[in-house]
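Peer 1: Could you put together the complete structure from these sequences and hints?
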Amino acid sequence: MKTQISLFITIIFLLGCESNHSYPWVINTTYDDLLKSADEKLILLDFETEW
Amino acid sequence: MINLKIDAEKGEGIELAEKYNIRGFPTIVFTNNRGDEIDRIVGYKDPDQFFSELSRIKSGRNTLPTLLTDFQTNPNNFSTLFKLTKKYEAMGDPASATRMINAILKAGVDSSGTAKFFSILYQSREIQKPDGLLEYANNHPESGYLTTALQEAMYFIRRIGKNKQLEADVYVRLINSYEEENPGMLNSFAWRMSELKLYLDLALEKVTWAIGQTSDNKQKHMFIDTKAEILWKLNRIDDAILEIEKCTTFDPNNIYYKEQLEKFKGPINT
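Those sequence lines, one after another, are chains A and B. Under the working numbering, think of the first position of the first sequence as 153, with each following residue one higher. Under the working numbering, think of the first position of the second sequence as 5, with each following residue one higher.
Please note that the accuracy of each hint is not assured.
Each computed DSS-like pair below joins lysine-lysine, with the alpha-carbon atoms no more than 30 Å apart [said to hold, decoys possible]:
#1 B:62 to B:49
#2 A:193 to B:90
#3 B:14 to A:193
#4 A:193 to B:62
#5 B:90 to B:110
In case anyone wonders, no lab produced these hints; they're calculated from the structure.
Peer 2: Right under this line is the structure:
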């Protein structure tokens, strides 16, 4: 019973983490280097200015 | 997905902003690993809208590569061609947008007249003249694109700067073309009429309505300032002073409102 409950909680935890994707920002890299390392991933470029 | 923030005014950001025709902020561009644009999101979106767009782009729905594949399969499909038109327009590629519009017209699938309008619009933007748009507005007063035609025409007329009466006439037609009156838009109209010294009575009517519609005090007093300016231009000096004093009372530290008051109390406006 304890094993089943632990397994259930673990599954819920893993599923919960899986559903909350985080998309960290890449830093300290040039765009060209990023392209080389991107493989088949989609690249998001967020253009901003200071003002 | 890999995410990179780019300062469009520094370092490689300057070149990248030019490469991807970034004309406003925020703009988010999605590319593949060859730097080819897949899609973009322009302007502010609330969280639901943003994530809806993100989901669409990640799934490949209506992205540029998908639409180009659809185009290969069916080169005369209006929906695909028009979606490509709008994609290229958003990407700052008017030549490709025009090519798509011309393809619609050539295929004879423009039953709604949409491509005809956009052909006129793109041509007007290329030559920077309002004539085609004004002719369209005159000939299609019931068109769903009437407001866009008048708006763009007014932009060119104002930019050319040689015909204030025409600009004012088109602006009046423009505000009358909106389905719902918008206080901010009417304040802008009223202010511009005060600058042109045309349609001042109409401008006074519209800004007075706008004042009554606004609950935000800061915005309301900006509109009151517009009203004061119009009254001053109509030589109703005492009324102008009464209005601007509402502004100086609301915001005693506002230098602009103080300057307006001094201006109205000064020599008579000629």
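Peer 1: Confirm or reject each hint.
Peer 2: These are the hints, each one checked on the structure:
The hinted pair formed by residue 62 of chain B and residue 49 of chain B meets the criterion: a straight-line CA distance of about 17 Å does not exceed 30 Å. A hinted pair counts as satisfied when its Cα atoms are at most 30 Å apart, and residue 193 of chain A with residue 90 of chain B qualifies at roughly 25 Å. Using a Cα cut-off of 30 Å, the hinted pair residue 14 of chain B and residue 193 of chain A holds, with the two alpha carbons roughly 26 Å apart. Taking the CA atoms of residue 193 of chain A and residue 62 of chain B, the gap is about 10 Å. The hint holds against a cut of 30 Å.
Proximity of residue 90 of chain B to residue 110 of chain B is assessed by CA-CA distance (about 18 Å); at most 30 Å being required, the pair is judged to hold.
Violated hints are absent here; each numbered hint is respected by the structure.
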